[in-house]
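Going line by line, the protein sequences match chains H and G.
Note that full-length UniProt numbering numbers the first sequence so that position 307 is 307, with each residue one more than the last.
Note that full-length UniProt numbering numbers the second sequence so that position 94 is 94, with each residue one more than the last.
It is possible that some hints are incorrect.
Chain G stretches covered by chain H per the calculated footprint, using a threshold of three residues with CB under 8 angstroms from any CB of chain H [what the hints assert, rightly or not]:
no., region
1, 116–123
2, 153–160
3, 174–181
4, 209–220
5, 236–243
Derived BS3-like pairs: lysine-lysine, alpha-carbon spacing no greater than 30 angstroms straight-line [stated by the list, open to error]:
no., chain 1, residue 1, chain 2, residue 2
6, H, Lys212, G, Lys219
7, H, Lys325, G, Lys219
8, G, Lys219, H, Lys120
9, H, Lys362, H, Lys324
If you're looking for bench data, these hints aren't it; they were derived computationally from the structure.
Glycine residues also receive a C-beta, built at the ideal position from the N, C-alpha and C atoms.
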Amino acid sequence: MSTTYNEADPYAGSRETTEGRVYTVTGGDWDLTFADPHGEERLVVNMGPQHPSTHGVLRLVLDLEGETVTKARVVIGYLHTGIEKNTEYRTWTQGTTFVTRMDYLSPLFNEAGYCLAVEKLLGVEAPPRAQTIRVLVMELNRIASHLVALATFGMEMGALTGMTNGFREREMVLDLLEEITGLRMNHAYIRPGGLAQDLPEGAVESIREFLKVFPARVADFHRLLTGQPIWQNRLKDAGYLDLTGCVALGVTGPVLRATGLAWDARKIEPYLGYETYDFEVPTADTCDAWGRYLVRMAEVNESLRLVAQALDRLEPGPVMVEDKKIAWPAQLSLGADGMGNSLDHVRHIMGQSMEALIHHFKLVTEGFRVPAGQVYVPIESPRGELGYHVVSDGSTRPWRVHVRDPSFVNLQATAAMSEGGMIADVIAAIASIDPVMGGVDR
Amino acid sequence: MSGPVDRSGQDPAIGADAPSGGFRKGAFGVTGSGDTSGFGGLVRVEPGGAVALHSTDRPYGGWFDEVTDALIEAVGEATYAAAVQRVLVDRGEITYFVAREHLLTLVQALRDDEALRFELCSSVSGVDYLDSGGPAVDPGRPRLHVVYHLTSMTYRRRIRLEVAVTAEDAHVPSVTGVYPTADWHEREAWDMFGIVFDGHPALTRILMPDDWDGHPQRKDYPLGGIPVEYHDATIPPPDTRRAYR
C-alpha cells in the first residue's frame with residue numbers, strides 16, 4: 001500500500017486501508033502557510049493609554065519591523081476635560097481655577113499666562129511686588145516641573161533611583177508652594193490684577209533655607225545620572241530632531257534649545273520684568289534626548305538664581321491692582337487649615353459699610369467686565385511656549401480662551417523623532433519631550 | 001463700516017421687545033426672571049459692540065508698516081488688496097483679516113520672504129462669534145473664525161491672521177503644507193468647531209472620541225452638566241444658570 005499525497009496539501013496525505021481512509025498529518029507547513037512574500041515582519045504594537053512609560057494617558061500605535069519602528073502614531077484625548085469651554089461659563093477671575101488644572105505640573109505658569117492675557121485685555125499691570133512674587137513662584141514651579149521630568153525620565157529608562165530622588169527633591173519645592181499658596185498644586189494663586197494673597201510670614205526664610213540646601217541636591221542628581229555610562233548610552237542619539245525639524249513642527253522649550261537655538265520667551269519677549277534679571281538660557285547642540293536632559297538640569301540651576309534674585313528685590317507693597325472694580329480682596333490670611341478669610345475685610349463688609357458689602361457681592365458674583373478684543377500672550381513654561389489666545393466680547397465672562405499648550409504641539413514630533421529608530425528609543429524620545437497629558441488634552 | 005448687528009431673533013433670551021442694533025435693556029443683563037429692581041428699563045450699549053467691524057488706517061505704527069509693506073511687495077499689490085479685507089491694530093497686536101482663497105499665498109510668502117520670515121506657526125485656534133455682537137456681523141454671518149498666530153524668530157515679531165467662514169460652508173484651506181505644526185491644531189479646530197481644512201492629510205477628531213456627534217466648542221453646543229441638590233435647593237448646571245452678560 002502506498003500513501004497518496006494530495007497535490008494541494010502535501011503535509012496531510014491519506015491512504016485507503018481496510019479500516020477506511022487514514023490521514024497522515026505531518027505539520028511543519030508554517031513556512032508555507034505564513035509565507036512573507038515581501039520579506040516583512042510587520043508587527044503593530046498598541047502601547048498605552050495606560051502604561052508606566054507613556055508619561056500619562058498617552059496611546060502610541062507603533063508599527064514595528066523587528067525592533068525597528070517604521071511608523072509611530074500618537075493618539076491623545078483621553079484626558080480631555082473641556083477646560084477651554086468651561087471658562088466661557090465662569091467669570092474672568094474663576095477662569096484661573098480652571099486653567100491651573102491643565103498642565104498640572106506647571107499650574108502657576110498656566111495661571112500667570114492667563115492672568116497676563118486678561119490684564120493685557122484690561123490694560124492694567126500688576127503692582128511690582130506681585131510681579132516679583134509671580135516670578136518667584138513660577139521659577140520654583142519650574143524647578144518642581146523639571147524635577148518630575150527628570151524623575152520620570154529616570155524611571156522610564158530604568159534608573160529607578162532617579163525617580164525616587166527626583167520626587168523627593170520635588171517635595172521640597174511643593175512644601176514651599178504649599179506654604180505660600182496653601183496648596184501643593186492647582187493653586188489659583190495668581191489672579192487677574194495680582195495675587196490671591198501676599199507671601200505669608202516666614203515664607204522668605206523658608207525659601208532662603210531651600211536655596212542653601214538645593215544646589216547640593218542638584219549636584220547629587222548629576223552624580224547619580226549624568227556620568228553614568230548606561231544613562232549616556234540610552235540617551236545619546238535617541239529621539240534626534242534638529243532645528244529645522246523643531247521649527248517646522250512648532251517645537252519649543254528645552255527640545256528646541258537642545259538644538260542650539262537659545263529661544264526663550266523670557267529673553268525674547270520679556271514679561272514680568274524678566275529683562276531685569278541676570279540669568280542664562282542653557283543650550284546644547286546634540287539635538288537628542290541627552291541634550292534635552294542637560295538643558296533641563298542647567299535650567300534648574302538658572303531658576304535657583306532667579307529665585308534668589310527675586311527674593312532680594314522684594315519690596316513691601318500691594319499685591320493687587322488699586323482699581324477696586326477689578327481687585328478681589330487680596331488680604332486673605334492663611335489659617336492652620338489652609339486658606340482663610342481676612343477677618344478685617346469680613347468685619348468691614350459685614351459690620352461697617354453696606355456699600356462695601358454690595359460691592360463685594362457684585363464683584364464676586366457678577367465679576368468685572370473686560371473690554372472687547374483679543375490678545376495672544378506667550379510665556380515660557382517648563383515645556384516651551386505657553387500661549388493664551390483670549391477673546392472678550394466685553395462681558396463678565398471670557399468669550400473664548402484658547403491655550404497653545406507646548407506639550408500638545410511638542411508631542412507632534414514623536415513620529416519624526418522615533419520613526420526609523422529602535423523601539424526602546426521611543427520611550428527615551430517621549431520622555432525627553434516631557435509631555436503632560438493634562439495640558440495636551442485640556 | 002457697517003452698523004451694529006441686529007440681534008433680534010438671534011438671541012431668544014433678549015426677546016422681540018429688546019432694542020436691536022447693539023443695544024440691550026436692563027442694568028444687570030439678567031434674563032428669564034422677573035424684574036424687581038426697576039432697572040430693567042435701562043438701555044445700554046451692547047458690550048460686544050466694541051468688537052464690531054472696524055479697521056485701522058495706515059500708518060499702523062512700529063514695525064507693523066514694515067511687515068505690511070514687505071507683504072505687499074511679496075505677493076503683489078493686487079493680491080494683497082484682494083486677500084486682506086481689513087487690518088486691525090489693537091493692544092499692540094496686528095490682525096490681518098484674510099479671504100480664505102488667498103490664505104495659502106499669504107502664508108507661503110509670510111514664511112519664505114526674506115523680509116518677513118514668519119517661520120513658526122505658534123497657534124491655530126477657532127473662535128465661534130455666534131451672537132457675540134462682534135465681528136460676525138457680515139451678511140451670511142461668517143461666525144466661525146480661524147485665528148493663526150505666526151511668529152518670526154528672525155525678527156522677533158508676531159502677527160495674527162484671521163479667516164472667517166460661515167457654519168454652512170466651513171471650509172478653509174489647510175496650511176499644513178507650509179507649517180507642518182498646524183496638523184494637530186487644525187484637527188482640534190475641526191473637532192471642536194467643525195471647520196473643514198481642505199488639503200489636510202488626515203482630518204480626524206483629536207480630543208473627542210471618533211464617533212462623537214457635534215462640535216463641542218461651538219456656542220450653540222451646550223456645556224452640559226446636571227442639576228445638583230444641596231440643602232433642599234437645586235443648583236442648575238452652569239450653562240443654564242442666570243448670568244450677567
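Unmet hints by their number, sorted upward, for this structure:
Checked against the structure, the only hint that fails is number 6, while the rest are satisfied.
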